[in-house]
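Novice: Fit chain P to the given chain U structure using the hints.
2 protein chains.
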Amino acid sequence: MSVISQNWLFAKKFEGEPKNEDFRLIEEELPPLQDGEFLARAEYLSVDPYMRRYMMNLPEGSVMVGGQIAKVVESKHAAYPVGVRIFGHFGWRTYTLYNPDKAKEIERKPHVLFDFGSLPSSLGLGVLGLPGNTAYFGFLELCAPKEGETVVVSGAAGAVGNVVGQIAKLKGCHVIGIAGSDDKCQWLKKLGFDHAVNYKSEHFLEELKKAAPKGIDCYFDNVGGTITESVIRLMNLYGRISACGSVSNYSSGPVKVQDPQHDFVIKQLKMEGFIVSRWRDRWMEGIRANLDWIKQGKLQYEETVTVGFKNMPKAFMDMLKGGNTGKAIVKVDNHSKKG
Amino acid sequence: MSVISQNWLFAKKFEGEPKNEDFRLIEEELPPLQDGEFLARAEYLSVDPYMRRYMMNLPEGSVMVGGQIAKVVESKHAAYPVGVRIFGHFGWRTYTLYNPDKAKEIERKPHVLFDFGSLPSSLGLGVLGLPGNTAYFGFLELCAPKEGETVVVSGAAGAVGNVVGQIAKLKGCHVIGIAGSDDKCQWLKKLGFDHAVNYKSEHFLEELKKAAPKGIDCYFDNVGGTITESVIRLMNLYGRISACGSVSNYSSGPVKVQDPQHDFVIKQLKMEGFIVSRWRDRWMEGIRANLDWIKQGKLQYEETVTVGFKNMPKAFMDMLKGGNTGKAIVKVDNHSKKG
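If you read the protein sequences in the order shown, they are chains U and P. Residue numbering for the first sequence follows this note's numbering, starting at 3 and increasing by one per position. Residue numbering for the second sequence follows this note's numbering, starting at 3 and increasing by one per position.
Chain U extracted, bound-state conformation (with noise of 0.2 Å):
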């Protein structure tokens, strides 16, 4: 008895914007299980921008990388039992066998999803995942906004971005959503955004300035590239600036700037890159609290589901253009059969 894995490849490098071509997919034969191995079933992918400058590091043919849910539903490890759910590294793929002590990055080791409640699993994709905490600990950390400051987030309709002006909110922010249609900026200030601006607006600078008539204390950045370069000009003394990303220019060339460099030293400003496993001695805190203040009605999610492992790439290509809303995944329909 084998397992067949589907598996979505890397099968040419993208050339601007990803297209189908550059995916193939292939199924895959699995060997027999191991001592300290376990089999794990993908119930939910995720599908996130960092993936496309990722996998142009990678050889052709190499399997997609990325985050997924997982049932375990063989197992020959002891602190992976046959039935729990686990969020791992695994790729694009419908089965994985995998050994997590061998797992060459410590951060990269598959854990067992915290207990959500009656909350969905695909959950630990998102706000109560690798995005909540980027979110949680990436602005709080970073930017150690006060109570009456006000607070941008460039890509707010994101995974993230929408976590971080919503807890912006919830610590008495004044908070400004930049966004790339205007339905999202709709959503997000269904979500209590004070602000929400579209940056294909023609006149965005001056919607951004009206938005932030005191200037801007706290920005929280998605994107990078020219859109950050009119937040700069608004910020105020001391303003602090969380780097969490550079979408703008995962497919595009070079930006022009306008000397942000002169605003930084006059204003004093602060910038910190960060990625998120820098806080994972401290994981389970960023869960706990965005979790708790999702029970508390505090906190809202919003998914933006596509059905069928077969759809990954256009799941994918989608979320690229910004199709998504909240967090975008992928739920696998049906499995291979067992041969």
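Please note that the accuracy of each hint is not assured.
A pair holds if it fits inside one copy or across any two, identical chains being indistinguishable in the list.
Claimed, not checked - Using 30 Å as the maximum straight-line C-alpha spacing, the simulated DSSO-like pairs for lysine-lysine come out as follows:
{"#": "1", "residue 1": "Lys173", "residue 2": "Lys269"}
{"#": "2", "residue 1": "Lys269", "residue 2": "Lys148"}
{"#": "3", "residue 1": "Lys111", "residue 2": "Lys216"}
{"#": "4", "residue 1": "Lys111", "residue 2": "Lys269"}
{"#": "5", "residue 1": "Lys300", "residue 2": "Lys173"}
Hints were generated in silico from the structure; no laboratory data involved.
Specialist: The following block gives chain P in isolation, referenced to the frame of chain U:
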């Protein structure tokens, strides 16, 4: 009896590099001294990169801004008795009538020079003044260098940069200076820099890489732009950047940067802009530390002195073109007679 001051005016908005015609020398007859005022005669005047941009926000016809070392020659203010030497932000003028209690901003209040012993008072414009403190606080407080770390300084042959590099050596760091000529690079090595790289070299990035085999931990940035982009590429995890200036962009238009945000995020860099007045409460600590190091022979200084108040525009334009090594100052040779 009245006093005539010679003043250099900002005659025309700079277009590109400042030119002779952008300045105009006038004579101003000063009114009699009032209670609470003193009359100061300029001895040394400073020319600095910031002046170029600063003037662009002032109307044509304004006196050029800048600091000077002056001697109090008449006084109706107890704290500024006749004969003391002071540092004041009086602008490009040979005589100044001033009421220090009416200084608009506290940091602009003139101060009586610390006793430098046998050292020249002109150092109060350089290593024992604002540039020296900019180096001392801006580097030590924001880069927090550790022994054995690799430190890069851009604009290293300038008034601030050369002091930063020497302090970094005093702290046991591996120090690389970036400057714009081979002569300057040689001078930096004489000061004790481990390496000096000419950014005009065709192989700048490779030379920088070779000089920093362990990567870069701290970067003291006087320039911004493409030089900074190159340094960021070579920085190590948790690198610190102290952003002091953006000389490279004072005269040029937008620069092209190749997504430095991505490096910023994955290396979790921290960058902080600053203006040295932030540390005005600790001002004397910096002056004293640099003075002690000079007396101990551990900190060297160099000045590029232009003689003659009439040559101020030339000194300024030369400095902007990188003609100076160490602090660029102008020594007043003769004063207009009292009428």
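Novice: Each of the hints needs a verdict: does it hold here or not?
Specialist: Checked hints:
1. Lys173 / Lys269: For Lys173 and Lys269, the Cα distance is within 30 Å both inside one copy (24 Å) and across copies (28 Å).
2. Lys269 / Lys148: both (18 Å within a copy, 27 Å between copies)
3. Lys111 / Lys216: Classified as between; 29 Å across copies, 44 Å inside a copy.
4. Lys111 / Lys269: Between copies only: 21 Å across chains, 41 Å inside a chain, cut-off 30 Å.
5. Lys300 / Lys173: within (11 Å within a copy, 49 Å between copies)
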